[in-house]
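Engineer: Once you've looked at the hints, dock chain B against the given chain A.
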Amino acid sequence: AQSVTQLDSQVPVFEEAPVELRCNYSSSVSVYLFWYVQYPNQGLQLLLKYLSGSTLVKGINGFEAEFNKSQTSFHLRKPSVHISDTAEYFCAVKAGTALIFGKGTTLSVSS
Amino acid sequence: DTAVSQTPKYLVTQMGNDKSIKCEQNLGHDTMYWYKQDSKKFLKIMFSYNNKELIINETVPNRFSPKSPDKAHLNLHINSLELGDSAVYFCASSPFSTGELFFGEGSRLTVL
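Protein sequences, first through last, are from chains A and B.
When we follow our numbering, the leftmost residue of the first sequence carries the number 1, and every step to the right adds one.
When we follow our numbering, the leftmost residue of the second sequence carries the number 1, and every step to the right adds one.
If you're looking for bench data, these hints aren't it; they were derived computationally from the structure.
If you're wondering where the values come from, they're calculated on a predicted model, not measured in any experiment.
The beta carbon of each residue, even a glycine, is placed where N, CA and C say it ideally should be.
Don't take each hint at face value.
According to the in silico footprint, chain A covers these stretches of chain B (three or more CB under 8 Å from chain A) [what the hints assert, rightly or not]:
| hint | stretch |
| --- | --- |
| 1 | 10 to 16 |
| 2 | 47 to 58 |
| 3 | 68 to 79 |
Taking lysine-lysine and the BS3-like style, the derived pairs with C-alpha atoms no more than 30 Å apart in a straight line are [said to hold, decoys possible]:
| hint | chain 1 | residue 1 | chain 2 | residue 2 |
| --- | --- | --- | --- | --- |
| 4 | B | 19 | B | 36 |
| 5 | B | 41 | A | 49 |
| 6 | B | 67 | A | 103 |
| 7 | A | 58 | B | 52 |
| 8 | B | 40 | A | 49 |
| 9 | B | 36 | A | 58 |
| 10 | B | 41 | B | 52 |
| 11 | B | 19 | A | 58 |
| 12 | B | 19 | A | 49 |
| 13 | B | 22 | A | 103 |
Looking at chain A on its own, in the form it has when it is part of the complex (with noise of 0.2 Å):
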């Protein structure tokens, strides 16, 4: 069965800092894999989505991650973080019909 593990529950960084969040996804087929934020009190909005084609994949506002079939990884990544980045972020695998979701990271940035 598919599953996801975010490896960190927060982290915290300074505004500027470069800034990864860890997914690792378990999958005996082809994975369609995602990430989402959800800032407070909002519904969750798509970051970036791998299906196939270029390992390295490009999102909005600026993050960016890479699929990585050897180590079963899936990472988040920004170069420079915003206040406005904070939010928690989730990975997630498509399972048949239906997207699993990591718990979550929370990522907090303060100046």
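Structural biologist: Same frame as chain A, now just chain B:
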């Protein structure tokens, strides 16, 4: 024009009551979902409908009953509410092929 809309956004009610949450999508997607987000932010799939047909029914108490009158609407009815039902319920829709989910803003249910 909101793509996936849920009503109400907030719901406060007493234990034992029955309540409904409505969801509508104008994206033309065939598949719709209900997810539950608990107080620790964990998101769990509850139900999925494809073109009005139930295709996912996770281990959810039978007090929860989804209804899809047409492929643009998926409502959630909850009977005999319990304290543990307090959560944020998200509706989502998807173009079946990619699996990408488009979420509504969520409905925060508080059971007192």
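Engineer: Going through the numbered hints above, which ones does this structure break? Give me the numbers in ascending order.
Structural biologist: Structure breaks hints 1, 3, 7, 11, 12.
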